[in-house]
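4 protein chains.
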Amino acid sequence: MAKTKVGVLGATGSVGQRFILLLKDHPTLELVALGASSRSAGKKYSEAVNWQQTTLLPDEAADITVSPCDPSYFTDCKVVFSGLDADVAGDVEKAFAEAGLAVISNAKNYRRDPHVPLVVPLVNTDHLSILKSRKTPGFIVCNSNCSTAGLVVPLKALSALGPIDAVSVTTMQALSGAGFSPGVPSMAILDNVIPFIGGEEEKMEYETRKILGSVSADGTTIADIPASDIKVSAQCNRVAVTDGHLECVSMRFAHRPPPTLEQVKEALRTYECAPQSAGCPSAPKHAIHLLEQPDRPQPRLDRDRDAGYGVSVGRVREDPLLDYKFVVLSHNTVIGAAGSGILIAEYLITQNVI
Amino acid sequence: MAKTKVGVLGATGSVGQRFILLLKDHPTLELVALGASSRSAGKKYSEAVNWQQTTLLPDEAADITVSPCDPSYFTDCKVVFSGLDADVAGDVEKAFAEAGLAVISNAKNYRRDPHVPLVVPLVNTDHLSILKSRKTPGFIVCNSNCSTAGLVVPLKALSALGPIDAVSVTTMQALSGAGFSPGVPSMAILDNVIPFIGGEEEKMEYETRKILGSVSADGTTIADIPASDIKVSAQCNRVAVTDGHLECVSMRFAHRPPPTLEQVKEALRTYECAPQSAGCPSAPKHAIHLLEQPDRPQPRLDRDRDAGYGVSVGRVREDPLLDYKFVVLSHNTVIGAAGSGILIAEYLITQNVI
Amino acid sequence: MAKTKVGVLGATGSVGQRFILLLKDHPTLELVALGASSRSAGKKYSEAVNWQQTTLLPDEAADITVSPCDPSYFTDCKVVFSGLDADVAGDVEKAFAEAGLAVISNAKNYRRDPHVPLVVPLVNTDHLSILKSRKTPGFIVCNSNCSTAGLVVPLKALSALGPIDAVSVTTMQALSGAGFSPGVPSMAILDNVIPFIGGEEEKMEYETRKILGSVSADGTTIADIPASDIKVSAQCNRVAVTDGHLECVSMRFAHRPPPTLEQVKEALRTYECAPQSAGCPSAPKHAIHLLEQPDRPQPRLDRDRDAGYGVSVGRVREDPLLDYKFVVLSHNTVIGAAGSGILIAEYLITQNVI
Amino acid sequence: MAKTKVGVLGATGSVGQRFILLLKDHPTLELVALGASSRSAGKKYSEAVNWQQTTLLPDEAADITVSPCDPSYFTDCKVVFSGLDADVAGDVEKAFAEAGLAVISNAKNYRRDPHVPLVVPLVNTDHLSILKSRKTPGFIVCNSNCSTAGLVVPLKALSALGPIDAVSVTTMQALSGAGFSPGVPSMAILDNVIPFIGGEEEKMEYETRKILGSVSADGTTIADIPASDIKVSAQCNRVAVTDGHLECVSMRFAHRPPPTLEQVKEALRTYECAPQSAGCPSAPKHAIHLLEQPDRPQPRLDRDRDAGYGVSVGRVREDPLLDYKFVVLSHNTVIGAAGSGILIAEYLITQNVI
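Residue numbers (UniProt numbering), protein chains in the order written: chain A, 1 to 354; chain B, 1 to 354; chain C, 1 to 354; chain D, 1 to 354.
The hints are simulated quantities; they were obtained by calculation from the structure and are not laboratory data.
It should be emphasised that the depicted structure is a prediction, and the values quoted were computed from it without experimental measurement.
Among the hints, erroneous ones may be present.
Note that identical chains are pooled: a pair holds if it fits in a single copy or bridges any two copies.
Said to hold, decoys possible - Calculated pairs, DSSO-like style, for lysine-lysine (alpha carbon to alpha carbon, straight line, at most 30 Å):
#	residue 1	residue 2
1	43	265
2	265	3
3	132	44
4	78	108
5	43	231
Working from the sequences, and respecting the hints, build out all of it.
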């Protein structure tokens, strides 16, 4: 079977580099084009990029000549993955969608657009159904902010037990989320925690509600924004960890009495997501790894479970204030960023949308 | 004026070392005796200790011969500060109190005893009044667990605006709280967060309630334990920071409507504690440093304010779930441990209890 | 073809855990027995071990019942890999060799024995020839100290250009070399460097000379100890890195004029080791990765090249004092420890010694 | 006695901030003017600066209005300390010197000028004598590169035992040397070492020779550049430490037999520098702290000895290759940068040059 040809926009940036890594030897997607700023365009990718990954630059990308981010250079592609910064993503992604391509974006620009699905593929692939009502071949799908991606997976699993009323989350986020250079200065984080990430709390509070929301009655938009009744309060911190966002969550169900602790654990343990059933090649074996050790999950030890495509949940216990509390860990540059994009594309292929 | 003679129990341990540092050149307390295990007893302190502080071992301590932890070696002292481990603190501290000494303990053994004041000196020196009803000259006072100390200061300040109903706190705690050697293994914390500290959450949930509680009607105990109606939920994490516990707090007042954001900030900004009014030499200039920068407090930059005797509060803002949220930072080995002990002693002297 | 059955001694320790990881899905070695202290013996491995690796405990090891470290429990094995601590390794390893097994040891006990080959498999597999003269079926082979392993690979490559006279090396060594718990305390290394590792400098200075030495004329021992004329000076430091020892080396050739810089680089670039030619499954593609970027190798970015079985060399340049200086990086728990053991076993199989 | 009025150029940068900290409550120097780029000029300093020190911004600096870096704004000052970047320092410092001020510079621009003393005040204040021959009232003095400052102090002490022939040094340098923002990216240094600092090795190799060199026969220049016969080889690394450069040194004396180990230690232990004898207020009590513990000096534990104005030397021992090896630690932003500038000014005042 022929592979689907894809490109990456913002290819020299840290998210772009991750897309390229995840596309290496991919069974159904084939990387054929790379776009970046005019500073890089025209160079071989291996010369344009300051490669900063712990695995080597894949040969299949090294020799591609970097193009400007203009659809005319991407006519071979059906899909582009965008790792563009928000300051340029708006116009560029729109141009690619209008040119008939499927744009899967990691930028924040269109996340609040009711006509654009905001998708964490372990959670709400059903939102992709609104693409069926589109008038043009091209479209944009957004993946979520990295800290939101980890949170919504266990919440979705728990919502099978009844509606969720309230969520309080405190994050301890990895450095790779801020990019490589300059990113977070080393003097700012060594022997330190920074209790602030600009715009992050607002994103988590908004996006969690949209992702756990539903498609409108006419099937064309994600219903009334914010679409969900959950109250969400987020406190976001940056810690000295390379990869892996850890989040302390407490939550309350809407109905009394709430489910039992055993029901809560069972719902987490048995949760299965659509890309698993659909047989997507990058789908995790377990969307949620429920850990029973008292001191897990931990970023360094657990972030690479299922190659970063699954999330880990531990310390599930009763909460003196709300109903339950637990700890969730997600790999911020895989399921929290580029990996979500890859999995969305894989799922759209299984649904014949691409 | 003659200084009050004091000793330190558990003098070679990490809390003991901190007591010795804080007693250096102290204006009203004079270190005259050091107690440790039989392995160290009989040696000069400079030879018994593996000194691991960033400032040098004070000369006045270096030449003291270490004694066993037996009251007969401490007859010169009116006060002993105990940095003993919980497994030996129970019996030893009791023996010293029965021998007529004031014992100020950093151990957990007597914290839940209704006849023992559990005191964060920036918060509840009024609990010390129950010592007046004691039948014997000696007594025990406990300082709180390190993570509790930071939390209760802003809560006490806010309780002036009306009773507090609910508190949710997630901590990011420093390594020094676990001692020096072995303490937390480096392989466990580099590029990592550990979302678990044994017994810590239970301590925070209990101690916060006792400290914010009140003296019983007859003045002899800290009333009904737990003494306060606040619901407290704690989630405790260890992070790669040497000193300084950072805590993300959200809280709700009991009464509707709650105070305004401006009232909340004003209560924090103007909070004054008893050791300040009493003129204790180590009392901080500001019990609470209210910081207005968006990304503060931070452990490395703010932990040494007022030599670690004050706490810093920042990011005060409304909470979508409870009423308000904020970040608090406290120096875990000063106001969170040895420094609280020193300040309690200073206060007891000003009150003529010692 | 039937796999060779192997066991691991000291299976619950950090080196033992690494052996188990490297044996997972191994094409020619099959793990069938695990030995540990009496505390663990009788338990399933998954219950006996505190697994601290970033990849999950392999299923094939999880269900093995741990034995005492006694040869009678290892009769199925032809080879045992020993990750035992030095305080017990001496007697246990001797007993296994006397029972007819091939013992491949990571401990220091027999490294200075002239009848025991001390082998870095990228360097001196020729020393294994003395095993042919042995009188008994069993034997012991030692792999080197972790910091030595990285150093000798480029030195061996350069010795093809003429004898080496002098080597000065300063190491920056990873934490995993000190084990996991307690290992290096976190308070000792955060925001710090420790310029001392007990016994390490002596090991590097001795082992480098033996490994670069030669077999005695009669083929039965590693000739005159120390066997090589190189003067070696080592300075060893511990830094806050999880895995990967970085070493700054300067060296002088014995003959004047020395080889040119281009000859030096070429010798490093083209170096090939015996396990590569012999087709050992774990042999690296490149024994030496010669890096041309000005700021490489770096532990986090380069330690996993060839799965940790190759070493990386960079910054090759002239030295104002000796002849040349360069930086070498090696994965201390792979080629510097367990991986060397695996590769030695693989090589012995290709030579029909096992 | 009236204090000498001083200004700081580049006042908002990381070196400028350090100058301001060290001038706080200074007994003989009074800060009266601050210069920075046009972006900051005209603002109050407290508003212009992004203060990133662990102690609070001193009140005396907070209210000073920042000036452009033009001598006309500094007519009250006799001395300016320059923390300017090299790309602007050349012209600005020259203009201030021509306007008659004493310029004490932390920049590299004039370090190789034979008419400009390059001074580490613990080592070569005698080089300042060439200022007597100057034709104009103003002048420039440079302090050394941060990594050089630590190295030359023990070398100077040892040169009392006879000329030094060869020095090999490998550094492990702190992050603060690269500035705060962006400085070294956190993703570049967490769990990592960077074996390269641009231009640093060349600076160490050159500056060590000039500083240990001597005044020309006519007293007007630092003699023949390079002025010293020592061969120096440097290898420079960046490690995850906030402050404090650690350096592993090996060295050889020119004459055979070399001094004994005991003579070497005694020379280090008893070394006294000119600012000590001259009674400079910031002079360290010990120019060299000779440490006998096997694992010291360490950056976190020893960098603040004598407030960062002294250096610590440990692990003095024989070297199998050269004569002796040892470890030296210096505080890179105090004696390695701003503190050297302050101490040079203090010394010039005692010599009536200012």
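Evaluation of the provided hints:
Within a single copy, residue 43 and residue 265 get their C-alpha atoms only as close as 52 Å, which misses the 30 Å cut-off; across copies the closest is 28 Å, which meets it. In this homomeric assembly, residue 265 and residue 3 never come within 30 Å of each other (Cα to Cα): the closest approach is 39 Å inside a single copy and 42 Å across copies. In this assembly of identical chains, residue 132 and residue 44 lie within 30 Å of each other by CA distance neither inside one copy nor across copies; the values are 38 Å within and 54 Å between. In this homomeric assembly, residue 78 and residue 108 come within 30 Å of each other (Cα to Cα) only inside a single copy, at 22 Å, whereas the closest approach across copies is 54 Å.
Taking the closest pair of Cα atoms, residue 43 and residue 231 never come within 30 Å of each other, the shortest separation being 49 Å inside a single copy and 43 Å across copies.
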